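S.K.: In our numbering, the protein residues as written are 1 to 357.
Any given hint might turn out to be false.
[Said to hold, decoys possible] Derived pair list, reagent style DSBU-like, types lysine-lysine, alpha-carbon separation capped at 30 Å: (1) K139 - K198; (2) K250 - K238; (3) K253 - K238; (4) K250 - K139; (5) K168 - K210; (6) K250 - K188; (7) K210 - K253; (8) K168 - K253; (9) K139 - K253; (10) K238 - K198; (11) K312 - K238; (12) K188 - K312; (13) K283 - K250; (14) K188 - K238; (15) K168 - K198; (16) K198 - K210; (17) K253 - K188; (18) K210 - K283; (19) K283 - K238; (20) K188 - K139; (21) K198 - K188; (22) K168 - K188.
[Said to hold, decoys possible] Computed spacing ranges between beta-carbons, pair by pair: (23) N327 - Y227: 19 to 29 Å; (24) P108 - R343: 42 to 52 Å; (25) K250 - D152: 51 to 61 Å.
I should point out that these hints are in silico values taken from the structure, not numbers from a laboratory. Remember, predicted model here, so these are calculated numbers, not experimental data. Don't be surprised by glycine CBs; every beta carbon is placed ideally from N, CA and C.
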Amino acid sequence: MELEQHSGKTNQKLIPDLRGVRIDMNKHILPYGVAGLVFAVLLALIVLVGVIFLHQSEPHHVLITPTTPSLSAASTDNEPIRRSDYLGKSRYHYRNRVLVLMYHHIDPHESAFTISPERFAAQMNALQQAGYHIIGLNKLLAFADSGAPVPDNAVVITFDDGYESFYKYAYPILRAHHYPATNFIIVKDTDAPNLNRKAIPHLTWLEMRKMQQDGMTFCNHTYNLHYLAVVDATGHQKPAAANAIFLPGKGRKETQQEYEARIRSDLALAEERLERELGPHPKALAFPYGAYNDTVLNVARSLGIRLFFTVKPGINPPDRTLLYRINAGTPALSAQGLLNVLRHYDQPTLTPTGSNM
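Using the sequences plus the hints, can you model the full thing?
M.R.: Right, here's the structure in full:
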(Lines of atoms letter the chains of each structure in order from A and count residues from 1; the text may use other names and numbers.)
(Lines give C-alpha, C1' and ligand atoms only; values in the text may rest on other atoms or scores of the structure.)
Protein backbone atom coordinates (compact mmCIF):
# COMPACT_ATOMS: atom_id res chain seq x y z
CA MET A 1 0.00 0.00 0.00
CA GLU A 2 1.36 3.38 -1.00
CA LEU A 3 0.40 6.65 0.65
CA GLU A 4 0.73 10.02 -1.05
CA GLN A 5 3.51 12.03 0.56
CA HIS A 6 2.92 15.63 1.73
CA SER A 7 5.65 18.24 1.66
CA GLY A 8 6.97 19.57 4.92
CA LYS A 9 6.13 23.11 3.75
CA THR A 10 2.41 22.31 3.61
CA ASN A 11 2.39 21.09 7.18
CA GLN A 12 4.41 24.06 8.39
CA LYS A 13 1.78 26.48 7.10
CA LEU A 14 -0.81 24.83 9.28
CA ILE A 15 1.33 24.77 12.44
CA PRO A 16 2.28 28.12 14.05
CA ASP A 17 6.01 28.78 13.91
CA LEU A 18 6.97 29.42 17.53
CA ARG A 19 10.71 29.47 16.96
CA GLY A 20 12.45 32.65 18.04
CA VAL A 21 9.53 33.93 20.06
CA ARG A 22 10.66 35.64 23.28
CA ILE A 23 8.15 35.44 26.08
CA ASP A 24 8.22 38.27 28.59
CA MET A 25 6.84 36.91 31.85
CA ASN A 26 5.66 40.31 33.03
CA LYS A 27 3.93 41.32 29.75
CA HIS A 28 2.38 38.01 28.75
CA ILE A 29 2.08 35.44 31.49
CA LEU A 30 1.40 37.57 34.51
CA PRO A 31 -1.39 39.72 33.05
CA TYR A 32 -3.32 36.69 31.87
CA GLY A 33 -2.25 34.20 34.47
CA VAL A 34 -1.87 30.46 34.14
CA ALA A 35 -5.15 30.16 32.23
CA GLY A 36 -3.74 32.09 29.30
CA LEU A 37 -0.73 29.80 29.05
CA VAL A 38 -2.91 26.67 29.14
CA PHE A 39 -5.16 28.08 26.41
CA ALA A 40 -2.18 28.78 24.15
CA VAL A 41 -0.80 25.24 24.59
CA LEU A 42 -4.23 23.67 23.92
CA LEU A 43 -4.65 25.74 20.77
CA ALA A 44 -1.30 24.56 19.43
CA LEU A 45 -2.22 20.91 20.16
CA ILE A 46 -5.57 21.25 18.38
CA VAL A 47 -3.88 22.62 15.25
CA LEU A 48 -1.30 19.79 15.30
CA VAL A 49 -3.97 17.07 15.63
CA GLY A 50 -5.90 18.61 12.75
CA VAL A 51 -2.86 18.45 10.48
CA ILE A 52 -2.28 14.79 11.30
CA PHE A 53 -5.95 13.98 10.60
CA LEU A 54 -5.85 15.71 7.23
CA HIS A 55 -2.72 13.83 6.26
CA GLN A 56 -4.16 10.42 7.07
CA SER A 57 -7.49 11.06 5.33
CA GLU A 58 -5.93 11.87 1.96
CA PRO A 59 -6.96 9.36 -0.81
CA HIS A 60 -4.48 6.62 -1.63
CA HIS A 61 -4.16 3.74 -4.08
CA VAL A 62 -3.94 0.10 -3.07
CA LEU A 63 -1.70 -1.93 -5.35
CA ILE A 64 -2.46 -5.65 -5.41
CA THR A 65 0.40 -7.52 -7.04
CA PRO A 66 -0.52 -11.04 -8.25
CA THR A 67 1.60 -13.84 -6.87
CA THR A 68 1.80 -15.68 -10.18
CA PRO A 69 4.57 -17.19 -12.30
CA SER A 70 6.17 -14.76 -14.72
CA LEU A 71 4.49 -14.59 -18.12
CA SER A 72 6.21 -15.52 -21.35
CA ALA A 73 7.79 -13.03 -23.70
CA ALA A 74 4.53 -12.81 -25.66
CA SER A 75 2.91 -10.95 -22.77
CA THR A 76 2.45 -7.29 -23.43
CA ASP A 77 1.30 -6.06 -20.03
CA ASN A 78 2.89 -7.24 -16.80
CA GLU A 79 1.97 -4.33 -14.55
CA PRO A 80 0.39 -5.05 -11.14
CA ILE A 81 -3.33 -5.68 -11.09
CA ARG A 82 -5.18 -2.71 -9.64
CA ARG A 83 -8.46 -3.63 -8.01
CA SER A 84 -9.61 0.01 -8.09
CA ASP A 85 -9.05 0.18 -11.85
CA TYR A 86 -11.78 -2.39 -12.42
CA LEU A 87 -14.20 -2.23 -9.53
CA GLY A 88 -13.90 1.31 -8.19
CA LYS A 89 -15.78 2.23 -5.04
CA SER A 90 -18.76 0.02 -5.99
CA ARG A 91 -16.51 -3.07 -6.35
CA TYR A 92 -18.30 -4.27 -9.48
CA HIS A 93 -18.55 -3.20 -13.08
CA TYR A 94 -21.56 -5.22 -14.23
CA ARG A 95 -24.59 -6.86 -12.66
CA ASN A 96 -27.23 -9.31 -13.86
CA ARG A 97 -25.07 -10.32 -16.81
CA VAL A 98 -22.46 -13.02 -17.43
CA LEU A 99 -19.15 -13.11 -19.28
CA VAL A 100 -18.10 -16.49 -20.71
CA LEU A 101 -14.42 -17.23 -21.35
CA MET A 102 -13.28 -19.68 -24.03
CA TYR A 103 -10.09 -21.78 -24.00
CA HIS A 104 -8.88 -24.72 -26.05
CA HIS A 105 -5.47 -26.24 -25.35
CA ILE A 106 -2.84 -25.70 -22.64
CA ASP A 107 0.78 -26.60 -23.26
CA PRO A 108 4.22 -25.20 -22.36
CA HIS A 109 4.68 -24.40 -26.07
CA GLU A 110 2.22 -21.66 -26.95
CA SER A 111 0.56 -21.10 -30.33
CA ALA A 112 -2.56 -19.45 -31.75
CA PHE A 113 -5.08 -21.36 -29.61
CA THR A 114 -2.66 -22.73 -27.02
CA ILE A 115 -1.50 -21.00 -23.84
CA SER A 116 1.01 -22.08 -21.23
CA PRO A 117 0.06 -23.35 -17.78
CA GLU A 118 1.79 -20.28 -16.32
CA ARG A 119 -0.34 -17.91 -18.38
CA PHE A 120 -3.54 -19.75 -17.45
CA ALA A 121 -2.60 -19.67 -13.75
CA ALA A 122 -1.84 -15.95 -13.96
CA GLN A 123 -5.22 -15.30 -15.57
CA MET A 124 -7.08 -17.27 -12.90
CA ASN A 125 -5.24 -15.36 -10.15
CA ALA A 126 -6.05 -12.08 -11.88
CA LEU A 127 -9.77 -12.90 -12.04
CA GLN A 128 -9.78 -13.67 -8.32
CA GLN A 129 -7.85 -10.57 -7.32
CA ALA A 130 -9.94 -8.27 -9.50
CA GLY A 131 -13.17 -9.44 -7.87
CA TYR A 132 -14.73 -11.64 -10.56
CA HIS A 133 -17.02 -14.47 -9.40
CA ILE A 134 -16.73 -17.77 -11.26
CA ILE A 135 -19.99 -19.68 -11.61
CA GLY A 136 -20.76 -23.12 -13.03
CA LEU A 137 -22.85 -24.08 -16.03
CA ASN A 138 -25.91 -25.02 -13.97
CA LYS A 139 -26.12 -21.47 -12.58
CA LEU A 140 -25.68 -20.07 -16.07
CA LEU A 141 -28.47 -22.36 -17.31
CA ALA A 142 -30.85 -21.11 -14.60
CA PHE A 143 -29.86 -17.52 -15.40
CA ALA A 144 -30.49 -18.03 -19.12
CA ASP A 145 -33.69 -20.04 -18.63
CA SER A 146 -35.49 -17.92 -16.07
CA GLY A 147 -33.30 -14.96 -15.14
CA ALA A 148 -32.20 -16.55 -11.85
CA PRO A 149 -29.79 -14.24 -9.98
CA VAL A 150 -26.04 -14.47 -10.47
CA PRO A 151 -23.25 -12.73 -8.52
CA ASP A 152 -21.86 -9.38 -9.60
CA ASN A 153 -19.05 -9.77 -12.14
CA ALA A 154 -20.17 -13.34 -12.95
CA VAL A 155 -17.83 -15.32 -15.22
CA VAL A 156 -18.13 -18.82 -16.71
CA ILE A 157 -14.98 -20.70 -17.79
CA THR A 158 -15.27 -23.00 -20.82
CA PHE A 159 -12.90 -25.16 -22.87
CA ASP A 160 -13.52 -26.63 -26.31
CA ASP A 161 -12.48 -29.95 -27.90
CA GLY A 162 -11.83 -32.09 -24.81
CA TYR A 163 -8.03 -32.17 -24.85
CA GLU A 164 -6.26 -34.09 -22.11
CA SER A 165 -4.31 -30.93 -21.27
CA PHE A 166 -7.43 -29.80 -19.45
CA TYR A 167 -6.89 -32.62 -16.96
CA LYS A 168 -3.11 -32.28 -16.82
CA TYR A 169 -2.74 -28.50 -16.56
CA ALA A 170 -6.04 -26.63 -16.14
CA TYR A 171 -7.77 -28.88 -13.62
CA PRO A 172 -5.17 -28.53 -10.82
CA ILE A 173 -5.23 -24.74 -11.17
CA LEU A 174 -9.02 -24.59 -11.23
CA ARG A 175 -9.28 -26.92 -8.25
CA ALA A 176 -6.84 -24.77 -6.24
CA HIS A 177 -9.12 -21.78 -6.81
CA HIS A 178 -12.31 -23.83 -6.26
CA TYR A 179 -13.41 -22.73 -9.74
CA PRO A 180 -15.89 -24.79 -11.77
CA ALA A 181 -15.38 -25.09 -15.52
CA THR A 182 -16.97 -26.80 -18.50
CA ASN A 183 -15.26 -28.67 -21.31
CA PHE A 184 -17.15 -29.24 -24.56
CA ILE A 185 -15.80 -32.54 -25.84
CA ILE A 186 -15.72 -34.08 -29.31
CA VAL A 187 -17.17 -37.35 -28.07
CA LYS A 188 -15.76 -39.65 -30.76
CA ASP A 189 -12.21 -38.55 -29.88
CA THR A 190 -12.81 -39.96 -26.40
CA ASP A 191 -14.66 -43.09 -27.55
CA ALA A 192 -12.05 -43.87 -30.23
CA PRO A 193 -8.76 -42.14 -29.33
CA ASN A 194 -6.41 -41.23 -32.17
CA LEU A 195 -3.26 -43.27 -31.64
CA ASN A 196 -1.20 -41.02 -33.90
CA ARG A 197 1.67 -39.72 -31.77
CA LYS A 198 1.42 -36.30 -33.39
CA ALA A 199 -2.26 -35.95 -32.53
CA ILE A 200 -3.17 -34.05 -29.36
CA PRO A 201 -4.42 -36.56 -26.76
CA HIS A 202 -8.04 -36.25 -25.62
CA LEU A 203 -9.67 -36.78 -22.25
CA THR A 204 -10.72 -40.22 -21.10
CA TRP A 205 -14.06 -40.98 -19.45
CA LEU A 206 -12.19 -41.94 -16.27
CA GLU A 207 -10.45 -38.55 -16.11
CA MET A 208 -13.75 -36.76 -16.64
CA ARG A 209 -15.48 -38.73 -13.90
CA LYS A 210 -12.69 -37.82 -11.51
CA MET A 211 -12.94 -34.12 -12.35
CA GLN A 212 -16.72 -34.11 -11.95
CA GLN A 213 -16.16 -34.52 -8.21
CA ASP A 214 -14.55 -31.06 -8.15
CA GLY A 215 -17.24 -29.24 -10.09
CA MET A 216 -16.09 -29.76 -13.68
CA THR A 217 -18.80 -30.46 -16.24
CA PHE A 218 -18.57 -31.96 -19.73
CA CYS A 219 -20.92 -31.19 -22.57
CA ASN A 220 -21.61 -31.65 -26.26
CA HIS A 221 -19.23 -30.46 -28.99
CA THR A 222 -20.87 -32.96 -31.40
CA TYR A 223 -20.00 -36.63 -31.68
CA ASN A 224 -18.07 -36.35 -34.94
CA LEU A 225 -18.92 -33.11 -36.75
CA HIS A 226 -15.86 -31.08 -35.89
CA TYR A 227 -14.28 -30.99 -39.33
CA LEU A 228 -14.46 -29.11 -42.62
CA ALA A 229 -16.54 -30.98 -45.19
CA VAL A 230 -16.74 -30.64 -48.98
CA VAL A 231 -19.97 -28.78 -49.78
CA ASP A 232 -19.98 -28.64 -53.60
CA ALA A 233 -18.56 -30.27 -56.70
CA THR A 234 -15.67 -27.80 -56.86
CA GLY A 235 -14.31 -28.98 -53.51
CA HIS A 236 -15.09 -25.97 -51.33
CA GLN A 237 -15.05 -26.82 -47.62
CA LYS A 238 -17.18 -25.51 -44.77
CA PRO A 239 -17.98 -26.66 -41.19
CA ALA A 240 -19.77 -30.00 -41.41
CA ALA A 241 -22.32 -29.24 -38.68
CA ALA A 242 -23.60 -26.02 -40.22
CA ASN A 243 -23.80 -26.99 -43.89
CA ALA A 244 -25.31 -29.59 -46.18
CA ILE A 245 -22.37 -31.61 -47.51
CA PHE A 246 -21.64 -32.83 -51.02
CA LEU A 247 -22.34 -36.52 -51.73
CA PRO A 248 -19.79 -37.64 -54.36
CA GLY A 249 -21.56 -40.92 -55.04
CA LYS A 250 -24.75 -39.09 -55.92
CA GLY A 251 -23.16 -36.05 -57.50
CA ARG A 252 -25.20 -33.64 -55.37
CA LYS A 253 -25.53 -31.99 -51.99
CA GLU A 254 -27.61 -33.40 -49.18
CA THR A 255 -31.27 -32.58 -49.22
CA GLN A 256 -32.61 -30.65 -46.26
CA GLN A 257 -34.10 -33.88 -44.91
CA GLU A 258 -30.80 -35.74 -45.25
CA TYR A 259 -28.88 -32.89 -43.68
CA GLU A 260 -31.25 -32.67 -40.73
CA ALA A 261 -31.13 -36.45 -40.19
CA ARG A 262 -27.31 -36.38 -40.11
CA ILE A 263 -27.24 -33.61 -37.52
CA ARG A 264 -29.88 -35.29 -35.38
CA SER A 265 -28.09 -38.64 -35.41
CA ASP A 266 -24.76 -37.09 -34.41
CA LEU A 267 -26.02 -34.84 -31.60
CA ALA A 268 -28.26 -37.57 -30.18
CA LEU A 269 -25.37 -40.04 -30.09
CA ALA A 270 -23.14 -37.51 -28.32
CA GLU A 271 -25.83 -36.86 -25.70
CA GLU A 272 -26.42 -40.58 -25.19
CA ARG A 273 -22.72 -41.29 -24.64
CA LEU A 274 -22.31 -38.34 -22.24
CA GLU A 275 -25.31 -39.50 -20.22
CA ARG A 276 -24.16 -43.10 -20.09
CA GLU A 277 -20.58 -42.34 -19.08
CA LEU A 278 -21.04 -39.27 -16.86
CA GLY A 279 -24.66 -39.29 -15.76
CA PRO A 280 -26.89 -36.20 -15.76
CA HIS A 281 -25.17 -33.09 -17.12
CA PRO A 282 -26.21 -29.61 -18.27
CA LYS A 283 -27.70 -29.80 -21.76
CA ALA A 284 -25.40 -27.50 -23.69
CA LEU A 285 -23.77 -27.41 -27.10
CA ALA A 286 -20.71 -25.51 -28.34
CA PHE A 287 -20.79 -25.14 -32.11
CA PRO A 288 -17.67 -26.44 -33.91
CA TYR A 289 -15.84 -23.44 -35.39
CA GLY A 290 -18.64 -21.34 -33.92
CA ALA A 291 -20.75 -22.12 -37.01
CA TYR A 292 -24.49 -22.73 -36.70
CA ASN A 293 -27.83 -22.18 -38.42
CA ASP A 294 -31.52 -22.59 -37.70
CA THR A 295 -31.46 -26.29 -38.56
CA VAL A 296 -28.76 -27.00 -35.97
CA LEU A 297 -30.60 -24.93 -33.35
CA ASN A 298 -33.98 -26.56 -33.98
CA VAL A 299 -32.62 -30.11 -34.00
CA ALA A 300 -30.60 -29.52 -30.83
CA ARG A 301 -33.57 -28.01 -29.02
CA SER A 302 -35.72 -30.99 -29.98
CA LEU A 303 -33.13 -33.19 -28.23
CA GLY A 304 -33.42 -31.19 -25.00
CA ILE A 305 -30.30 -29.05 -25.44
CA ARG A 306 -30.94 -25.66 -23.85
CA LEU A 307 -27.71 -23.63 -24.01
CA PHE A 308 -25.70 -22.79 -27.13
CA PHE A 309 -22.20 -21.31 -27.23
CA THR A 310 -20.84 -19.24 -30.10
CA VAL A 311 -17.38 -17.75 -30.59
CA LYS A 312 -18.69 -14.19 -30.92
CA PRO A 313 -17.39 -11.85 -28.18
CA GLY A 314 -19.79 -10.04 -25.89
CA ILE A 315 -21.57 -10.05 -22.54
CA ASN A 316 -24.70 -12.11 -21.90
CA PRO A 317 -27.93 -10.64 -20.47
CA PRO A 318 -30.52 -12.84 -18.72
CA ASP A 319 -33.10 -14.96 -20.56
CA ARG A 320 -30.73 -15.62 -23.48
CA THR A 321 -29.64 -19.11 -24.51
CA LEU A 322 -27.46 -18.29 -27.54
CA LEU A 323 -24.35 -17.08 -25.79
CA TYR A 324 -21.33 -14.93 -26.53
CA ARG A 325 -17.85 -16.03 -25.49
CA ILE A 326 -14.55 -14.17 -25.17
CA ASN A 327 -11.43 -15.92 -26.43
CA ALA A 328 -9.09 -15.88 -23.43
CA GLY A 329 -6.93 -18.77 -24.61
CA THR A 330 -4.53 -16.76 -26.71
CA PRO A 331 -0.87 -15.97 -25.96
CA ALA A 332 -1.62 -12.37 -26.90
CA LEU A 333 -3.30 -11.88 -23.51
CA SER A 334 -1.41 -11.48 -20.27
CA ALA A 335 -3.29 -11.61 -16.99
CA GLN A 336 -3.66 -7.83 -16.96
CA GLY A 337 -4.47 -7.87 -20.66
CA LEU A 338 -7.39 -10.22 -20.01
CA LEU A 339 -8.76 -7.85 -17.38
CA ASN A 340 -8.45 -4.98 -19.83
CA VAL A 341 -10.50 -6.92 -22.37
CA LEU A 342 -13.20 -7.89 -19.88
CA ARG A 343 -13.55 -4.31 -18.73
CA HIS A 344 -14.86 -3.31 -22.16
CA TYR A 345 -17.85 -5.66 -21.97
CA ASP A 346 -19.96 -3.78 -19.46
CA GLN A 347 -22.90 -2.74 -21.65
CA PRO A 348 -25.91 -4.84 -22.79
CA THR A 349 -25.44 -6.39 -26.23
CA LEU A 350 -27.69 -7.89 -28.84
CA THR A 351 -28.17 -11.63 -28.97
CA PRO A 352 -26.47 -13.48 -31.86
CA THR A 353 -28.86 -14.42 -34.63
CA GLY A 354 -29.48 -17.94 -35.86
CA SER A 355 -27.72 -17.34 -39.16
CA ASN A 356 -24.65 -19.21 -40.29
CA MET A 357 -21.29 -17.72 -39.35
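S.K.: It remains to establish, for every hint, whether it holds in the given structure.
M.R.: Do the hints match the structure? See the list:
no.	hint	verdict
1	K139 - K198	violated, 38 Å
2	K250 - K238	holds, 19 Å
3	K253 - K238	holds, 13 Å
4	K250 - K139	violated, 47 Å
5	K168 - K210	holds, 12 Å
6	K250 - K188	holds, 27 Å
7	K210 - K253	violated, 43 Å
8	K168 - K253	violated, 42 Å
9	K139 - K253	violated, 41 Å
10	K238 - K198	holds, 24 Å
11	K312 - K238	holds, 18 Å
12	K188 - K312	holds, 26 Å
13	K283 - K250	violated, 36 Å
14	K188 - K238	holds, 20 Å
15	K168 - K198	holds, 18 Å
16	K198 - K210	holds, 26 Å
17	K253 - K188	holds, 25 Å
18	K210 - K283	holds, 20 Å
19	K283 - K238	holds, 26 Å
20	K188 - K139	holds, 28 Å
21	K198 - K188	holds, 18 Å
22	K168 - K188	holds, 20 Å
23	N327 - Y227: 19 to 29 Å	holds, 21 Å
24	P108 - R343: 42 to 52 Å	violated, 29 Å
25	K250 - D152: 51 to 61 Å	holds, 56 Å
When held up to the earlier numbered hints, the structure conflicts with 1, 4, 7, 8, 9, 13, 24 and fits the remainder.
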